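Engineer: Here is what each chain is made of, one letter per residue.
There are 2 protein chains.
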Amino acid sequence: MKAEIIAVGTELLMGQIANTNAQYLSRELAAIGIGVYYHTTVGDNPGRLKEAIAIARERADVIVFTGGLGPTQDDLTKDVIADVLGLRLVTHQPSLDKIEELFRSRGVAMVESNARQAALIEGGTPLPNDTGLAVGELLEAGGCCFVILPGPPKEMKPMFDRYAKPLLLAKLPGEPLHSRMLKFAGIGESSLEHRLIDLISAQRDPTIAPYASEGEVTIRLTTRAATPELAASKLDPVEAEIRSRLGEHLYANREAAIEEIVAELLKTRGETVAAAESCTGGLFASLLTDVPGSSAVFAGGVVCYTNAVKREMLGVPGRLLEGDGAPGAVSRETAASLAAGVRERLGSDWGVSVTGVAGPAEVEGKPVGLVYVGIAGPDGGGPEVWELKLSGNRETIKLRAAKSMLYRLWRRLTPSDAR
Amino acid sequence: MKAEIIAVGTELLMGQIANTNAQYLSRELAAIGIGVYYHTTVGDNPGRLKEAIAIARERADVIVFTGGLGPTQDDLTKDVIADVLGLRLVTHQPSLDKIEELFRSRGVAMVESNARQAALIEGGTPLPNDTGLAVGELLEAGGCCFVILPGPPKEMKPMFDRYAKPLLLAKLPGEPLHSRMLKFAGIGESSLEHRLIDLISAQRDPTIAPYASEGEVTIRLTTRAATPELAASKLDPVEAEIRSRLGEHLYANREAAIEEIVAELLKTRGETVAAAESCTGGLFASLLTDVPGSSAVFAGGVVCYTNAVKREMLGVPGRLLEGDGAPGAVSRETAASLAAGVRERLGSDWGVSVTGVAGPAEVEGKPVGLVYVGIAGPDGGGPEVWELKLSGNRETIKLRAAKSMLYRLWRRLTPSDAR
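Residue numbers (my numbering), protein chains in the order written: chain A, 215 to 633; chain B, 215 to 633.
Pulled out of the complex, with its shape left as it was, chain A reads as follows (with noise of 0.2 Å):
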């Protein structure tokens, strides 16, 4: 089954607003197994939208729109459905009662124009709208099915994912579909799809598609069952196989960000961590304090931009820093220097560490993207000290060094033989 969505808006074209209802209604056809093949946007022009409808009866099954149910003269979805179809419009009586009942209640005379929200495509099936005034309406018609919901957001998403998701999966042949979600850290797209080529290229059931955004890298599982217990059975295997090639990178088959994991480790482990950072400026202590509860495991950090905040709040010695010979800022030394003190001087379980040049100028005569991340932990020994070679800009060296930290303390806290 092909669907299309069609956005009906001048706001959208104005780029006043994004078209986030298309990323949602995306997702959620997809994970109920309906193909989305194209987006339209339009705005509110009945000439215009009767093209973009006629194209898309030409190639979907399915054509979801959202927006133009409200009360204004612009607001014509409706209507122009209607007239493409040869369709009358008729009142949906329960709707304009609620409309009639909110006006009551307010104190407030009710305009003629408010009565377009209650009105229906003769012969569609009524999506009622738990958060807002205009009703929605699902219709089959001339060899189409059309769902017509509203723009804002909070009304739209409740709409479709209580009345019409139903509605669409009774029409669906077949089983209902199971996603999984395996996210990855400390490793790039392209080395994750080559160590993975054979199984992504021969997939048939479950399916498996990887996609990045900047600093992670995620695969989804996908597969057709009739019950959760039997779709796990499917990807279960998969997701070992997985696991078996890549197990010092997967750290949640859910959809979560690295920062939450390691927060729930040390949650567990009823232990905290404290950063030095240089290089990332506090975007570490940032995404870590993203987490709600996080105050529990993070005990804090230095933002040490300086070689005197190094030297006094975090002792890393002069001698490291500056003079004849001296390693400098930007380097093994320092990072074990800085992970080692902040450690100490927060009285945490675990220090870790970021020293680097996020550019764009070099620094100490160090190219840009050079980094050194340290841990020190409560296990004895030295601090640990890995050195990283980062590209792109000043922003997402910051971002994907911070992420290392994360990474490379998540690998510390997690035991070898759970991965």
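No wet-lab data here; the hints were simulated from the structure.
One or more hints might be untrue.
A pair holds if it fits inside one copy or across any two, identical chains being indistinguishable in the list.
To be verified - Listed next, the in silico DSS-like pairs over lysine-lysine satisfying Cα-Cα at most 25 Å (straight line): (1) K216 <-> K264; (2) K603 <-> K312; (3) K397 <-> K481; (4) K371 <-> K216; (5) K312 <-> K481; (6) K448 <-> K603; (7) K312 <-> K580; (8) K481 <-> K264; (9) K481 <-> K371.
Every value quoted in this text rests on a predicted model; they were computed, and no experiment measured them.
With chain A held as given, fit chain B onto it using these hints.
Structural biologist: Okay, now just chain B, sitting in the frame of chain A:
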């Protein structure tokens, strides 16, 4: 001139990302007087992309493509456009040199597919990619103008702004458009609009368009004029009128984040700032260090999530934090002590502090969203403190609190007669 935006990428149709490129481009094209009539999104599928191009050529004078310029086999935007137009792909040597140089500098072997990013359709004008590898293109062919841009916003935006927009402007009839961005902090979109409603309602030339994103509000003034000087003579009086009403919020009259302006002001004054952050968790430091060259003005920061760190690293007296009748960590007194403490300990000219409740749960019986911002300066007198009541989820409260710190610091750094 009618435009259509075609976004290419299966990840958009799967709902993995929102099509924010269409929003950005719509706004930018509208600002130079090019009306966008349709957005279309299509997957990485040559047949369907061809059909989308055929439809767009019927109804648009300019087609702006985003996405599908990468190195993988899925990236086929240029191939398909070349095929539709019956043109050949050629290699853009400067782009190929740049790609080869990058791989050489990393010591990695370049795979053949990476050369695809240097391809151009013959006859077009290359659009340099200052933040990535894939070269873009502007091509006039078959009665239509094709603008081909990469998908990642951090590559697409600078390419459009620096290279595509000037070429499009040169094609437009009439006098060129001139825009000026007015940037505001410390005020919400609705109260800003309220205070300018008479100007916005009566606007003709220049046009006055407000829009908001998280943590800041922008107004764009636009006019047509033969020269920048003539444009300025029309824009200056409107800016002056707005400044007379909202000068204490208007931090820049060009596209700039408040952290950039704060960094510039500090640099000019030869001063430094240090930050003590509790509820923002390092976000202030991270924003400020996103600015290239911020190392000259940012001494460093302490993320003082726990009372122990507030006491030991920043010298906040224990009696403020805990015990009978203590004001607590989230208080005016603690904010003042943190600002003074971080200024002293890090030896900076300015100390900025924040303590508050980012949520989801209340702290010390204090509600989510209660935040105190403190500033200690070189100009004598005790630290100044402001109480804020912020709304939103945890991340939004963090961002609004960090932007408030920047706003308050900006006010202190700006002589009142300069506003």
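Engineer: Are the hints correct? Go through all of them and say.
Structural biologist: To see whether the hints hold, each was checked on the structure:
1. Taking CA atoms no more than 25 Å apart as the test, K216 paired with K264 passes in both settings, with 20 Å inside one copy and 18 Å between copies.
2. In this homomeric assembly, K603 and K312 come within 25 Å of each other (Cα to Cα) only across copies, at 18 Å, whereas the closest approach inside a single copy is 50 Å.
3. For the identical chains of this complex, K397 and K481 are intra-copy neighbours only, at 20 Å inside a copy versus 42 Å across copies, given an alpha-carbon limit of 25 Å.
4. Only within a single protomer do K371 and K216 lie at most 25 Å apart by alpha-carbon distance; the minimum there is 20 Å, versus 32 Å between protomers.
5. In the homo-oligomer, the alpha carbons of K312 and K481 never lie at most 25 Å apart, since the shortest distance is 34 Å inside one protomer and 47 Å across protomers.
6. Proximity of K448 to K603 under the C-alpha cut-off of 25 Å is found in neither arrangement, the shortest distances being 39 Å within a copy and 50 Å between copies.
7. Taking the closest pair of Cα atoms, K312 and K580 come within 25 Å of each other only across two copies (21 Å); inside a single copy the shortest separation is 55 Å, beyond that limit.
8. When the C-alpha separation of K481 and K264 is checked against a cutoff of 25 Å, the pair qualifies neither within a copy, at 53 Å, nor between copies, at 53 Å.
9. In the homo-oligomer, the alpha carbons of K481 and K371 never lie at most 25 Å apart, since the shortest distance is 28 Å inside one protomer and 41 Å across protomers.
In this structure, the hints that do not hold are numbers 5, 6, 8 and 9, in rising order.
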